[in-house]
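S.K.: Given next are the chains, with one letter for each unit.
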Amino acid sequence: MSDILTPVLTSRWAQENSWTLETYERTGGYRAMRTALAGHPDQLIQLCKDSGLRGRGGAGFPTGMKWSFIPQGGEGAGAKPKYLVINADEGEPGTCKDIPTMMADPHSLIEGCIITSYAIRANFCAIYVRGEALHPIRRLRAAVAEAYAQGYLGTDILGTGFDLEIVVHAGAGAYICGEETALLDSLEGRRGQPRLKPPFPATAGLYASPTVVNNVETIASVPYIVAGGAEWFRTMGSEKSPGPKIYSVSGHVERPGQYEAPMGITLRTLLELAGGMKDGIPLKFWTPGGSSTPMFTAEHLDVPLDFEGAAGAGSMLGTTAVQVFNETVSVPWAVMKWTEFYKHESCGKCTPCREGTYWLVQILERMVHGEGTESDVETLLDVCDNILGRSFCALGDGATSPITSGIKYFRQEFLDLIAEQPAVARPEQLADVELTGAPA
Amino acid sequence: MSERAMSGFDELTHVRAKEVIARYPVARSALLPLLHLVQSVEGCVSQDGIRFCAELLDLSTAEVSAVATFYTMYKRTPCGEHLVSVCTNTLCAALGGDDIYRRLSERLGVGHEETAGEPGTTGSLTLEHAECLAACDLAPVIQVNYEYFDNQTVESAERLVEALQRGEKPHPTRGAPLTDLRTVELELAGFTEDPTVAAAAVAGNSAAPETLRGTMIAAERGWAAPAFPDEIPALPEKS
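From first to last, the protein sequence lines stand for chains A and B. Numbering of the first sequence is given in the numbering used here, commencing with residue 105 and proceeding in unit increments. Numbering of the second sequence is given in the numbering used here, commencing with residue 90 and proceeding in unit increments.
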């Protein structure tokens with residue numbers, strides 16, 4: 105049984121000048137790379153499979169399996185160049201784990217990129233960072249320059265004959281580019297719109313060549329897996345969801361922040377660590393992993409926050425972006441705000457998402473402004489039903505999550521709002537509460 | 090008249106553009122950074138800027154326009170010295186982000202993507218409401234030229250824009266010493282003017298107390314991940 109918090113990815117964050125090569129190497133960095141480059145690429149794919157590492161970007165796909173899908177050998181797709189693309193387009197509402205990782209410890213990501221590129225036999229790696237993440241871009245570029253200067257990147261790395269170029273690519277403001285095929289289109293200099301799958305990126309990704317797209321936290325975990333071995337990694341978390349994970353706790357808690365724990369920690373424990381609910385105002389609803397994961401309530405305090413636990417309770421682990429809202433927040437209002445986000449970020453490629461999110465916003469805004477009608481709740485659910493599973497990518501599906509889960513747990517609040525009898529204070533009223541001086 | 094003079098961009102920008110293109114296996118991948126480069130010169134992406142990118146990448150202006158209009162960071166009208174982005178996504182909004190945006194909008198007399206003051210002059214500010222800026226543990230959050238100003242209130246946000254309007258450059262909570270939007274756009278394209286300034290920028294603070302909460306609690310309570318083996322374990326056999 106491991107400790108309640110297990111800093112691995114976050115273990116260097118409090119070090120002085122944690123982002124420098126000097127600190128990284130002094131604390132054990134780039135040792136895993138040497139071991140990895142001395143082995144056969146297939147051994148690394150096997151190690152990643154053995155570790156049970158699952159993608160940290162939200163979907164939880166087994167990472168080693170993803171790597172093994174890359175065709176190798178001299179024929180067909182296997183003869184094409186291979187690419188590694190890092191998805192650092194962090195923008196799912198509530199999600200704030202990759203940005204501090206890239207700021208505090210960029211070399212762990214770079215070492216992970218070197219090992220992964222070697223495993224999948226890629227010689228070009230792009231780290232696609234959302235453009236608004238300026239300081240992480242700056243730190244990553246400085247770290248990449250240090251790694252080149254040290255001979256860890258470029259041609260014939262450490263005399264192994266392995267070549268790797270890394271480019272840190274700044275995006276330009278589009279949530280949809282977090283969807284892996286939209287990201288690839290964007291990286292190719294196009295509008296960031298998702299592609300039809302199949303073909304999957306493993307066979308036809310960047311420049312129609314075999315490509316692995318992995319999240320920052322996933323690849324930053326790789327050097328530790330090499331250094332510790334699969335068994336060590338599996339001492340944390342559960343059989344199907346092993347390893348440590350960064351939980352980002354935000355909202356109405358006393359001490360919001362980043363908490364790295366073995367997979368499967370509960371909100372009850374996270375709340376204890378975060379000093380409890382802010383000002384003692386009770387919990388009303390929360391998201392386990394960003395706004396695209398169906399919301400939970402106080403009845404879910406003991407749900408293990410791993411892939412199986414969250415799914416078993418009717419939501420998804422997502423990005424472990426734990427957004428906590430207290431009783432002062434109106435659910436219809438929160439749902440409206442999130443829906444406005446999805447409408448703004450819908451890329452417009454498919455009709456269910458483009459039109460659906462537009463009309464959902466119309467209904468929700470009308471409702472929150474006290475002009476809802478009796479049929480609105482059913483209309484919302486009907487529109488969601490026409491988006492979920494019918495849109496081109498997961499953005500549309502995600503857009504329905506706050507609405508359907510909000511109505512599932514707080515239907516009466518929607519109905520009361522329609523009857524112009526708001527069951528709870530609106531956020532405007534929250535400001536009044538603060539003015540009257542709630543105890544800090 | 091040469092093509093270069095027609096496109097209105099100087100020699101240095103052309104050199105930089107070629108450098109951006111050389112980073113990628115396929116030239117078109119350079120389009121997003123090139124649009125950042127154009128914005129660093131012009132303060133927005135103008136029709137000239139579109140043409141410049143199109144010529145360099147052998148694309149039509151329609152193709153480049155389609156890309157430029159898709160992304161929120163490319164502005165089509167000249168921006169202020171600084172870009173002030175207020176997160177009004179649900180969590181920031183519930184903690185005061187909506188109030189902050191409303192107050193700044195009233196105070197500056199401008200709406201979303203509008204500029205208070207003559208664009209480009211000292212103290213001119215472009216305001217926008219932004220979607221989630223991935224700093225939710227530090228909500229409500231504002232970015233100025235994409236540097237983080239965390240844990241804001243209506244009052245602190247007002248003081249921030251007042252200082253910016255006076256021509257001051259308050260230090261962000263996380264990020265580099267404040268410059269201006271054009272300098273930052275150049276940096277996004279992958280260039281810095283001054284190595285000393287660039288080094289100082291890299292060293293800008295990143296570790297807020299919130300960022301370190303978990304590691305600090307673990308240190309206090311003696312919690313840690315299981316120890317690594319003394320020697321790196323042998324890699325498994327390939328299957």
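Just so you know, these hints were derived from the structure itself, not from any lab. It cannot be assumed that every hint is accurate.
In silico lysine-lysine, DSS-like type, Cα no more than 30 Å apart, as pairs [stated by the list, open to error]:
id, chain 1, residue 1, chain 2, residue 2
1, B, 107, A, 184
2, A, 382, A, 153
3, B, 327, A, 153
Here are the simulated distance ranges between beta carbons [to be verified]:
id, chain 1, residue 1, chain 2, residue 2, range
4, A, 183, B, 151, 52 to 60 Å
5, B, 155, A, 163, 26 to 34 Å
6, B, 147, A, 402, 36 to 44 Å
7, A, 462, B, 247, 31 to 39 Å
8, B, 288, A, 301, 38 to 46 Å
9, B, 247, A, 384, 53 to 61 Å
10, A, 384, B, 252, 49 to 57 Å
11, A, 163, B, 309, 17 to 25 Å
12, A, 344, B, 203, 35 to 43 Å
Every value quoted in this text rests on a predicted model; they were computed, and no experiment measured them. By construction, the Cβ of each residue, glycine as well, lies at the ideal position given by its N, Cα and C atoms.
S.K.: Name the hints, by number, that the structure is in violation of.
M.R.: Going through the list in order, the structure violates hints 2, 4, 6, 9, 10, 11 and 12 and respects the others.
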